[in-house]
Amino acid sequence: MAADPALRAASAPPALRTEGLTVHYGAVRALDTVDLEVAPGALHAVLGANGAGKTTFLRAASGLHPPRSGRVLLFGEDVTGAPAEELVRRGLLHVPEGGGVLTELTVEENLRLGGLVRRGRAARAAALGEVYDLFEPLRERRTRSASSLSGGERQMLAIGRALMAGPRVILLDEPSLGLAPLITRRIMHLLQDLRSRTGLTVVLVEQNARTALRASDRAHVLDQGAVATEGPSADLLGDPRVRAAYLGL
Amino acid sequence: MAPTHRAPASDARPDTAGPAKAATATRAGRRPALGHPLLRHGLWALAALAAVALLTAATGPVTDLRVADVGLHLLAVAGLQLLVGTSGQVSLGHGAFMFVGAYTMALLVVNLPAVPLAAGMAAACAAGCLAGLAVGAATARLHGPYLAGATLMLAVGLPAVALRFPDLLGGANGLAFTAIGAPPALSGLVDDTQWRALVVWTVALIGLVVLATATRGRLGRHLRALRDDPTAAALSGIPVGRARVTAFVISAGAGSLAGACQAYVLGTATPSTYALTLSLVLLAALVLGGLGSLWGAFWAALAIVYVEVAGTELAHALELDTDVRNNLPVVFFGAVLIIIVLAWPRGVHGALSALGRHRSTPSQTGDS
Amino acid sequence: MEHFANLTLNGLATGAVYAALALSLVLIYQATRVLNFAQPAFALVSAYLAYAVTAATGSYWAGFAAALAAGALLGAATERLLVRPLRNASPLSPIIATLGLLMVLQGAVGMVWGNEPLSFAYPLDYRGRFSPADAFALASVLLVALALFALYRFTPAGLRMRAAAIRPEAARLSGVRVGAVLASAWALASAIGALAGMLAAPPFLTPNAFDLVFVFAIAAAVAGGLENPFGAVAGGLAVGVLLSYVTGYAGPELTALAALVVLLTVLALKPDGLFSRAAARKV
Numbered sequence: 001m002a003a004d005p006a007l008r009a010a011s012a013p014p015a016l017r018t019e020g021l022t023v024h025y026g027a028v029r030a031l032d033t034v035d036l037e038v039a040p041g042a043l044h045a046v047l048g049a050n051g052a053g054k055t056t057f058l059r060a061a062s063g064l065h066p067p068r069s070g071r072v073l074l075f076g077e078d079v080t081g082a083p084a085e086e087l088v089r090r091g092l093l094h095v096p097e098g099g100g101v102l103t104e105l106t107v108e109e110n111l112r113l114g115g116l117v118r119r120g121r122a123a124r125a126a127a128l129g130e131v132y133d134l135f136e137p138l139r140e141r142r143t144r145s146a147s148s149l150s151g152g153e154r155q156m157l158a159i160g161r162a163l164m165a166g167p168r169v170i171l172l173d174e175p176s177l178g179l180a181p182l183i184t185r186r187i188m189h190l191l192q193d194l195r196s197r198t199g200l201t202v203v204l205v206e207q208n209a210r211t212a213l214r215a216s217d218r219a220h221v222l223d224q225g226a227v228a229t230e231g232p233s234a235d236l237l238g239d240p241r242v243r244a245a246y247l248g249l
Numbered sequence: 001m002a003p004t005h006r007a008p009a010s011d012a013r014p015d016t017a018g019p020a021k022a023a024t025a026t027r028a029g030r031r032p033a034l035g036h037p038l039l040r041h042g043l044w045a046l047a048a049l050a051a052v053a054l055l056t057a058a059t060g061p062v063t064d065l066r067v068a069d070v071g072l073h074l075l076a077v078a079g080l081q082l083l084v085g086t087s088g089q090v091s092l093g094h095g096a097f098m099f100v101g102a103y104t105m106a107l108l109v110v111n112l113p114a115v116p117l118a119a120g121m122a123a124a125c126a127a128g129c130l131a132g133l134a135v136g137a138a139t140a141r142l143h144g145p146y147l148a149g150a151t152l153m154l155a156v157g158l159p160a161v162a163l164r165f166p167d168l169l170g171g172a173n174g175l176a177f178t179a180i181g182a183p184p185a186l187s188g189l190v191d192d193t194q195w196r197a198l199v200v201w202t203v204a205l206i207g208l209v210v211l212a213t214a215t216r217g218r219l220g221r222h223l224r225a226l227r228d229d230p231t232a233a234a235l236s237g238i239p240v241g242r243a244r245v246t247a248f249v250i251s252a253g254a255g256s257l258a259g260a261c262q263a264y265v266l267g268t269a270t271p272s273t274y275a276l277t278l279s280l281v282l283l284a285a286l287v288l289g290g291l292g293s294l295w296g297a298f299w300a301a302l303a304i305v306y307v308e309v310a311g312t313e314l315a316h317a318l319e320l321d322t323d324v325r326n327n328l329p330v331v332f333f334g335a336v337l338i339i340i341v342l343a344w345p346r347g348v349h350g351a352l353s354a355l356g357r358h359r360s361t362p363s364q365t366g367d368s
Numbered sequence: 001m002e003h004f005a006n007l008t009l010n011g012l013a014t015g016a017v018y019a020a021l022a023l024s025l026v027l028i029y030q031a032t033r034v035l036n037f038a039q040p041a042f043a044l045v046s047a048y049l050a051y052a053v054t055a056a057t058g059s060y061w062a063g064f065a066a067a068l069a070a071g072a073l074l075g076a077a078t079e080r081l082l083v084r085p086l087r088n089a090s091p092l093s094p095i096i097a098t099l100g101l102l103m104v105l106q107g108a109v110g111m112v113w114g115n116e117p118l119s120f121a122y123p124l125d126y127r128g129r130f131s132p133a134d135a136f137a138l139a140s141v142l143l144v145a146l147a148l149f150a151l152y153r154f155t156p157a158g159l160r161m162r163a164a165a166i167r168p169e170a171a172r173l174s175g176v177r178v179g180a181v182l183a184s185a186w187a188l189a190s191a192i193g194a195l196a197g198m199l200a201a202p203p204f205l206t207p208n209a210f211d212l213v214f215v216f217a218i219a220a221a222v223a224g225g226l227e228n229p230f231g232a233v234a235g236g237l238a239v240g241v242l243l244s245y246v247t248g249y250a251g252p253e254l255t256a257l258a259a260l261v262v263l264l265t266v267l268a269l270k271p272d273g274l275f276s277r278a279a280a281r282k283v
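Residue numbers (UniProt numbering), protein chains in the order written: chain A, 1 to 249; chain B, 1 to 368; chain C, 1 to 283.
For the record, the hints were derived by calculation from the structure and aren't laboratory data. Possibly wrong hints are sitting among the right ones.
Stated by the list, open to error - Listing some non-contacts, in silico: residues in chain B with all C-beta distances to chain C over 10 Å:
id, residue
1, Leu38
2, Val115
3, Pro116
4, Leu152
5, Ala160
6, Ala176
7, Pro184
8, Asp192
9, Thr213
10, Ser236
11, Gly267
12, Ala284
13, Val309
14, Asp323
As the list claims (entries may be wrong) - Examples of chain C residues lying across from chain B (beta carbon under 10 Å, computed):
id, residue
15, Asn10
16, Gln30
17, Arg33
18, Phe64
19, Ala65
20, Ala69
21, Leu82
22, Pro91
23, Leu92
24, Leu101
25, Val109
26, Ala219
27, Val222
28, Leu257
29, Leu263
Predicted, not measured: the structure shown is a model, and the values here were computed from it. Here a beta-carbon is modelled for each residue, glycine too, at the ideal position from N, C-alpha and C.
Please model the entire structure based on the sequences and the hints provided.
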């Protein structure tokens with residue numbers, strides 16, 4: 001894999017890097033030697049059709065599903081095999097498809113849960129205030145059950161809960177799934193805004209290729225568990241062959 | 001798969017040959033499907049009875065009573081097998097049905113000594129089936145831990161009834177009666193203990209033939225389907241409630257008959273015989289013997305009787321005190337349960353499902 | 001009327017014991033979807049240990065503390081060694097495994113201490129109508145229930161426990177160490193079960209002493225809805241009072257059957273228990 005010269009030149013290690021990541025579900029190889037590098041502060045998209053291995057990639061990277069072989073590096077540190085709950089403490093947050101919101105809890109309980117890995121009551125309270133500033137609708141519904149939220153609000157809650165932990169890298173699985181285009185656009189804007197304000201690194205898994213490519217800097221395209229192509233998002237969006245073969249655009 | 005099942009060699013193994021035979025029979029038409037397995041199971045039962053007769057003739061009274069003990073526990077565990085192994089419902093109340101049978105038998109003999117033995121057995125079976133109907137209907141909608149909890153309450157609650165009505169049921173001492181010995185016509189040919197073993201095995205084998213036929217037949221197919229996937233079974237038109245209640249009735253009938261046999265052999269029925277531990281041991285032995293086949297019930301019955309015997313002998317040899325000796329079997333069976341569940345990584349049900357798929361493949365192709 | 005009032009007070013005191021054991025069953029069921037059939041055996045082992053410690057030190061309260069510690073330890077060990085390996089097995093497996101543990105522990109207690117009854121002390125004076133011992137039972141159980149409510153509702157530990165129980169994977173993604181949290185839920189619940197054992201043991205302790213208590217606790221837990229701690233406490237007290245009437249008017253031997261009848265009636269009307277929430281999950 002030819003790394004971007006600009007990245008190679010940079011002294012800081014990549015925020016997230018996988019080397020030969022391979023995952024099996026029983027006898028089925030779901031992910032096949034995936035190499036991927038995300039620069040700090042980048043908004044990186046991982047695209048592909050249904051079953052291409054996007055979610056598997058996130059689950060392996062975040063420690064939910066230990067890979068059969070390959071390595072995962074977080075800011076240059078090998079974290080392969082570390083369980084998800086420990087990676088959260090190192091700043092890697094995974095927002096699963098549908099958000100993984102606990103509908104039995106209230107909105108604020110969901111957010112407080114996200115902040116429990118932070119030390120100190122004051123830090124937690126400050127984080128809560130910041131998330132409420134970012135997502136006003138959540139502040140209004142703080143005592144309500146999370147099950148009463150709309151799809152877009154649930155996605156906000158899921159992202160907000162991840163932000164509560166003070167992440168350095170955030171992995172988002174299909175945040176636009178089932179949402180109206182307007183809401184999707186708002187969420188993409190928000191991610192870009194967060195990234196530019198806080199230097200947060202975002203890895204975005206999407207089936208909605210057009211939206212993701214417009215919002216992201218670079219992208220990988222997965223096909224049947226392997227990397228089919230990668231490059232700057234604008235180039236991929238402009239390449240008619242990539243569009244036809246992998247993105248259905 | 002199917003051809004090997006139908007090969008002549010399979011005649012040597014009645015158990016695995018069963019579904020394949022049933023499948024060919026179903027394909028050929030309705031009548032043989034009912035007649036053929038019943039006849040075959042009957043022949044097997046006669047052979048087994050002959051074996052028991054030979055065995056008891058060759059041995060003394062102690063072995064006779066152990067053989068009888070194995071026979072009645074075989075019947076009890078086989079009844080539980082239909083419920084747990086075939087339909088996947090964990091019932092902890094099987095001892096309660098044995099209690100019903102034992103007390104029905106004892107009450108009849110104490111109050112109407114002239115009643116023939118066969119009538120007593122029939123009455124015990126009927127009482128057990130009624131109890132099974134009541135319990136089955138009341139618990140038809142319960143599943144998993146709810147059913148296990150409710151049947152556990154039955155196992156603890158029912159024997160206490162004997163304490164409530166001491167005049168009728170004899171309280172904690174239970175009901176004692178003079179056991180009916182060998183008929184005068186056979187005196188000299190068989191002694192009393194041998195006769196008892198033969199009676200128990202006759203009853204047990206009749207019960208087993210009924211259980212085997214039910215398991216191979218439509219009811220068994222329905223129950224296995226329910227066990228493997230209740231939702232799919234209901235969607236495909238299987239009468240879920242009726243199948244489950246029927247399983248309970250047959251299972252309770254078998255348990256009750258086993259209880260009647262036990263009362264007949266011991267000449268007494270006491271509440272402490274049917275405490276919760278009995279139900280737990282029955283279930284543990286079943287899991288040890290193997291879920292899903294009548295052979296499993298046979299190994300289970302052997303285990304129940306001979307673990308007790310071995311425990312007593314071990315305690316005697318090592319000069320352990322009575323507290324240790326009395327509790328050895330329970331600890332053994334408990335440990336067996338834990339080890340089997342843990343060593344079977346896919347779980348009992350997974351093993352069951354694998355078994356179910358293995359067995360139902362031929363009959364499914366036969367049905368379609 | 002006097003008789004009725006006495007029966008009610010007695011029922012509340014014994015009901016507190018059922019409530020405590022039911023509470024321990026529900027906490028464990030809530031956390032790991034396992035109905036722990038070994039729970040009465042944990043209480044039994046704890047009570048016998050308390051007996052031994054009290055005999056050695058002469059202090060009832062040293063025995064009491066030992067019982068709670070033993071209960072917690074048994075609970076955590078069982079979660080770690082028996083329940084966690086079966087997390088992905090069929091629902092039948094934990095039922096059978098905990099039944100096996102029940103048999104092993106009950107048998108082991110019989111081996112060590114014998115099947116003869118041992119006389120077991122009350123914590124406080126037990127004479128008279130609604131004695132100090134009765135008050136202690138009721139008060140301690142209500143206090144435990146209240147403390148649990150506060151723990152679950154207001155503390156980070158409680159939030160972790162709820163999240164780990166509801167959606168373990170989502171909890172992990174928020175940094176909750178689910179394994180440790182579930183083990184501590186088992187420990188906490190089993191300590192409460194040991195409390196039930198300490199309250200239920202007097203005046204005599206035998207290896208089968210808790211069989212009936214367990215039956216009533218199951219009735220209370222299931223009738224209250226297996227997932228609702230409040231249902232367990234309310235159910236336990238209700239079962240206690242009800243069975244006190246059955247004992248007083250029909251005979252103590254029929255209590256277990258009466259509890260079964262009540263349970264089946266409740267389940268026929270509300271299959272998930274009286275206090276189950278609308279969105280009860282499938283078991």
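- Item | In rising order, the numbers of the hints this structure does not comply with | 4, 5, 12, 14, 15, 16, 18, 19, 20
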